[in-house]
Structures are given as structure tokens and as C-alpha cells.
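Input sequences plus hints: build the corresponding full structure.
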Amino acid sequence: MFTLSELQSNQFEKADEHFGNVLIVGLGMIGGSVAKALKERGLAYLFGSDRRHDELTLGVATHVIDFEAELDAEFIEKMDIILLATPVRAMEVVLEQIKPFLLDTTLVTDVGSTKGSVVEAARKVFGSVPANFIPGHPIAGAEKSGVLAANPNLFENHKVIVTPLPNSDALLVDKLHRMWTAIGADVVSMDVTHHDHVLAGSSHLPHLLAYTLVDALANSERSQDVFRFAAGGFRDFTRIASSDPIMWRDVFLANKDATLESLDSFTEHLQQLRHSIEVGDGPAMFGVFTRAKSARDHFLRLLEARSSSSASTVKPISIKVLPASLVKGEINVRGDKFLSHSLITMAALSEGGSEFSNLDMGQGVKVTLQALRDMGVVVEDFGGQRIRIHGVGLNGLKAPIAPINVHESELSLHVLLPVLAAQKFAVTFVAEGALSSQPFVDLLSIVKVMGASVTTSESGCLPFTIATENQLINQYKIDVKGRSRQLKLAALIAGVMSQKNVELNLPRDLDGSDAVLSLFSCEQDVRTNDKGDNILAVKQGQKPQAASLDVPADDNKTAWLTLLACLSPGSKLMINNAGITQMNSAFLKVLLANGANIELHNVNEDQPLTVSEGKIKVGFAAFSGFTIKESEILSVCSELLLLCVAAVYAKGTSRIEGIHNLPYRWEDRVTTFVDALTIIGVPCSLQAGVLEIEGCIPCGGELDSAGDYHLSLAMLALGMRSRSPVTVNDCHKLLEEFEEFETIVESLGFHCQLTQ
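Count the sequence shown with my numbering and you get residues 1 to 756, in order.
Hints are computed from structural coordinates only; laboratory data are not their basis.
Some hints here could point you the wrong way.
Capping the alpha-carbon separation at 30 angstroms, the derived lysine-lysine pairs in DSSO-like fashion look like this [stated by the list, open to error]:
1) Lys99 - Lys320
2) Lys651 - Lys320
3) Lys543 - Lys293
4) Lys629 - Lys328
5) Lys531 - Lys448
6) Lys572 - Lys589
7) Lys78 - Lys175
8) Lys424 - Lys448
9) Lys328 - Lys424
10) Lys629 - Lys589
11) Lys424 - Lys293
12) Lys99 - Lys175
13) Lys398 - Lys256
14) Lys531 - Lys589
15) Lys293 - Lys366
16) Lys543 - Lys398
17) Lys39 - Lys99
18) Lys159 - Lys293
19) Lys99 - Lys78
20) Lys398 - Lys366
21) Lys629 - Lys617
22) Lys256 - Lys99
23) Lys366 - Lys531
24) Lys328 - Lys651
25) Lys124 - Lys39
26) Lys589 - Lys328
27) Lys366 - Lys615
28) Lys293 - Lys328
29) Lys531 - Lys629
30) Lys293 - Lys320
31) Lys424 - Lys398
This is the structure we're talking about:
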């Protein structure tokens, strides 16, 4: 055995920081793992103390610790850190033993599962909790026990909760954080009371249930058959019943109040579920199971994020378009994304069950669905873009267990924000990617008009927190004339949620968003003012009713396919389920006014407030140059890049005014697209908000879509008649949102190649 002086001069691997002499009191699995983790990383000289002398002998023999130690002056006065890893009921005795020899500069901490009892033990021993006593709790472990179960990697990517007190020494608190971090833990701070209530639900109650279930089954008349035929589910659920009984007896006694509170809440929920089974209430059971699945899926996502050592990388995907493609065939297109977001949101707020088929199930819609599930909405997914949503009414949503992450889905934010502005609970929104730095001043203004409070950055960017502090305003007007389609949708949902008199000043062209409200039996009055604008009044006090719909084709995909057929000689395309009502009529008007060969069938022009589908028949035609005025720019915003492609292949010069009036992200897209046009030899200029494009045949080349869905579609269309292939890089977002892309382009004869 080494002496201490020999050990200090021995050839230990030097770490960035050394914590000096560390004493582990209690060489069980947790204490032994801390010791082994510190020792193998060269972070400390390890001493061990345990009432079981055999464990100490094993600890030295297996190189878990360097020295055996006694709890006396010889050792205690030399320690830099003392970690108590004994059962919680034994900690008071240990503190009594070390008290006479303990220096104020020695950090004392513990690994107990309860913190209130440990703090109370320290208070009994010392009169008040010393500033150098800082409780802690690693959220890691296994059903095994003893020093031979020590695992030096046990704490990697696991949470450790440090629970400092108001009088704790800040330097020692920081030292404790550094020690746990050095052995791979993710360290957080929490107050003692909150810790005990959180752990009562997340750790203590599950152990209690596992012990009780196994004991009940073991003492039942059918115990032999129960265990004989038990499968993986039983094994997984009851695994923790193999944990140390003494330790868990002490935990439940030490954290009695918080455990009983969690147990009472669980018992109440169990009784409700028992009643549902007794009376055969299938929807109620399904609701419980769906909410539970959603909550556990959220937990698994947290675990996955925690265990990832580095951020996941997306493999780059490029698509090469070969010139002289034909677009020929008859197809059905997957449901409209904008309409899908609208439908599932309104269905969640309705009375009864709504069913939809041909729903868009791209990443953005999945974000909205997940958020609604997290707030208690039951969603049955039958596969094949068909779902049933059990509505909870306007005020039936429940507070989510975590902030709502809209990821990169701007539309999810627009449909969810006005809904949650009218709820009784506060909620925080977060986002990822470029969306997190985009200002939403106009959208937030709608929420504020509703009477909700908003906490956000000065620039109006995410994250922000929404809360309804006051009664919603009795009557208000929202002007969305000249604003985006998404903003108009948010205003319409705000009108439904407010249950008050709401008037919306809308653009002249209704785009079908209004039809969604009618589908759910929400009445509206539309009148025209002396300026020719539509004034839509949402009647107060309405409760949306369940609805069903076979969702018409996606507006943007339909527009893209229509453009491809217009550009390619010999093309003949029929889209059977085109969304005639919600399709951007301004986009079609520009094409038709400049020579497009487009026929619309089954258009119900007499009933603008309906969601209907019809057929679009498209063939090749030569375009002529066109002008889009500044007053028209916002009406074609979502298809503007496609119109830029039409301008490239048009005869003459096209002029698009008012680019500077576009929403931030769209103006940025146009700028990027102009750069792409320059790369492939298209004469164009963007000055003072005016874009001019001279028609020509592009030369082809390699373009970067910057991972943007709309840019990817437009750049691919540029390759329809280019002189040489056009390769578009970074198309992963396109394939996420347009899941059927490969199937459709292959069936229509659009020649392109995907490479990674």
C-alpha cells in the first residue's frame, strides 16, 4: 500500500483540476462509483470509510479507493471534501462523529435521495446548517449494491441536483458543481423543498409501486403462473423492486410528506381510471393513455438529447435536375399544410370528434399535433394521413409539462399562440434554427389586443411567455389587410377564442382561411367597406363543432407542379384534388394573365366560405413578361419565388415591386434567390425594393438552397429547361416537408437525381 506522501508523488495522470483529499463515507454502489470516477480520472486522492470492514478491504483491493480511513481527527482534518454516501437515516450519526474535527474549509456533501431530512439532521447536529454543508443528489443508480458494483462512468450524462441553502459558501457550491461536472455529470441547482416533491413523483413513487406490485402478485393465489408467464413489460416495470430495501425504507420514512402527497394524487387518478374501466368509458381511457404516452415521449426526447455527446448532424442531400423533363400524368397530391394546421387546431378546440384524411403529416404539422397532445388532446393516428381528434372545447386544454417547442415551424406558432393567449395557464414558447431569431411583432400584437400579457425580448424574438392576466377585451378590431396569410389565420383563431365581438379588416381576396371556421360551424358575416376591403365579423359566444374533411391538395405543392407543367413543352398534368378555395388566386391570376394554359374545373365560386376541391388541368404555354405592383406583393408572397422562375422563362422583362415590404424571411429568400439567378446566368437586378428579371434560358450550375423548403422548390424549377443540369444542394428540409417528392416526380417523368 502507498503512503500518502508516496501517493502524491506517484505517476498519476494529471487532470485539469485536482480536488485534493476526498473521503467517501459509505462504499456502496453510489459512493464507490464516485470514488472510482474521481480516482480513474486522476482528480483526487481517495479515502474510504464504511462500517463494513470487508467493503473497505475490497475497495482498496479493486482500486476504488487509495486508503481506508477512520472518522477521527487524523483523517477528518486533512480532508478537502467529505461525501456522505450512507443511508439517509444514518447521516445524523455520521455528522455527529465528524463534527469535532471538521474544518470550515472542508466541503461536506451527500448523495441522499431526500434533502429535507438531511438538512434537518445537520441542523440537529450543528444547531444551524453550516455554510460548508451543501446537499446533493445524483440521479443515477442501479438495483445492484456494494463496492463491487462501482462504475466509474455511472454519472456521465446523468443529472446531479445540488441543493444549496441561502447561507451556503458560494465558493464551495461552485467547487461541488465542478467536482460533479469533472466526472461527467450534468449539474443543476434546486431548492430543498422543490427537490423532495419532484423526486417523490419521479423516483420514490415508482419504487413504491414496483415493490407493492411484486409483493401483491407474489402473495396472490396465481403467483406461480403470474411469474411464469410474465414478459418484458413486467420485467421492465418491476426492475427497481430489486433495489436495496433498507435504503428505500429509509427514503420513504425520511420523505414521508412529499411521498404521501404524490401517492394520494396517484391514487385519485387510479380511482378515476378504475371507474372508466368499470363503466366502459373507452374515450376517457384513451385520453389517459394518449396523454401518458405524450408525456413519456417527451421524457424520452429529453433522455435522448441528454445522452447525445454531440449535436446530431444532417447528411447533406443534393438534387440534380436534368434538362428537357416532361411533366405528364394524373395525380392526387397530399393535403395542404396550411389547411392541415388550421384543421387540427380547430378540431382540438371543438366539441366532439373530428376526422380528417389526406392530412399533411410533414414535420411542421407534427409539431402542432405534438403540442396539442402535450396539452391533453387525444389524437388517434390511423396511418395513411388519416387521424381522429377528440376536441376538448375552447377552454379544455391543460398546461403542458414543459415549454412548447415549435422547432422551425412558423405556422405552428401562428395557430397555437392565439389559442394559448386565451387559456388560464401561462406557457412559454421556444424555437430552433433561424426561427429563434425572427421577430414576431405583428403576431404578438394580436395576442396583446386579446388582453394577454407577453414577456419577450425587445426585438420580439423567441422565446416568449404568454399569460392571460385580465379578462379578454369585450370588443376589438384587427387589421390584417396587407399582411401575410399566416397572420390572417392567427387573427381568425383569435376571433374564435375571444368569445367577444371581433372584426377583421381583410384583403380583398379571401383565401379560404375563413372556410375553416365555417366548417366547424362558426358563423361569420362578411361585408365590403367603401374601400373595397372585406370586413369579417366573427360572431360572439360560438362553440366550434366537430367536422370531417378529405383535405385538398397542398397549395404550395400544387403551385409548384402547375409551374413545372407550364414551363415544359409537351407537358400535360391533371391534379384531381386541388384545393380550389384555399389556393392562392393571385398566383393563378398572374400566370393566366400572361399566357398560362390552365383550366380549373368544379370551382364553386358562389360559396366562397367553403373548403372544396376541384381539378386543375395544365399544359405548356409560353409566358410573357409581367409586372407585380407593390400593392399586390403580399398577396403572392408564398408563391413569389415560383413567379420569379416564371419570369426567368418569360419573353421580355418582368418587374416585381415592393420586395422591401415582404416579411423578414421572405425578403431574405428573395435576396438569396437573386444570387442564385446570377450564378446560372440570368440577367436580373434588385434595387430599392424592385426586382427586374430578363427572360432567358439559364446556363445551369450548382445552387445552395440553405436548407430552405421554398428556395429548394424554386431552384429545382429553374432546371426544367436550362442548358445544362442544375444541382440544388442542402435539400433535406424539402424532403422532410414534401415526403412524397420522389414518388411524385418519378410518376410524372420529372428527371432528377438525389445524392448524399
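Each hint tested on the structure:
1. Lys99 - Lys320: violated (75 angstroms)
2. Lys651 - Lys320: holds (26 angstroms)
3. Lys543 - Lys293: The hint holds at about 28 angstroms.
4. Lys629 - Lys328: violated (33 angstroms)
5. Lys531 - Lys448: holds (27 angstroms)
6. Lys572 - Lys589: The hint holds at about 20 angstroms.
7. Lys78 - Lys175: holds (17 angstroms)
8. Lys424 - Lys448: This hinted pair holds, its Cα atoms lying about 15 angstroms apart.
9. Lys328 - Lys424: Violated. Lys328 to Lys424 sits at ~53 angstroms, over the 30 angstroms cutoff.
10. Lys629 - Lys589: Distance of about 13 angstroms is within 30 angstroms: holds.
11. Lys424 - Lys293: Status holds; Cα separation ~24 angstroms.
12. Lys99 - Lys175: With a Cα-Cα distance of about 21 angstroms, the restraint between Lys99 and Lys175 holds, given a limit of 30 angstroms.
13. Lys398 - Lys256: The hint holds at about 29 angstroms.
14. Lys531 - Lys589: Distance of about 21 angstroms is within 30 angstroms: holds.
15. Lys293 - Lys366: holds (15 angstroms)
16. Lys543 - Lys398: holds (18 angstroms)
17. Lys39 - Lys99: Since the Cα atoms of Lys39 and Lys99 sit roughly 26 angstroms apart, the hinted pair holds (cutoff 30 angstroms).
18. Lys159 - Lys293: Holds. Lys159 to Lys293 sits at ~23 angstroms (cutoff 30 angstroms).
19. Lys99 - Lys78: holds (14 angstroms)
20. Lys398 - Lys366: Holds, at roughly 19 angstroms.
21. Lys629 - Lys617: Within the cut-off at roughly 28 angstroms; holds.
22. Lys256 - Lys99: Distance of about 27 angstroms is within 30 angstroms: holds.
23. Lys366 - Lys531: violated (40 angstroms)
24. Lys328 - Lys651: holds (24 angstroms)
25. Lys124 - Lys39: violated (33 angstroms)
26. Lys589 - Lys328: holds (23 angstroms)
27. Lys366 - Lys615: Judged against 30 angstroms, a Cα distance of about 28 angstroms means the pair holds.
28. Lys293 - Lys328: violated (44 angstroms)
29. Lys531 - Lys629: holds (18 angstroms)
30. Lys293 - Lys320: Answer violated: Lys293 to Lys320 is near 41 angstroms, above 30 angstroms.
31. Lys424 - Lys398: OK: Lys424 and Lys398 at ~9 angstroms, within 30 angstroms.
In this structure, the hints that do not hold are numbers 1, 4, 9, 23, 25, 28 and 30, in rising order.
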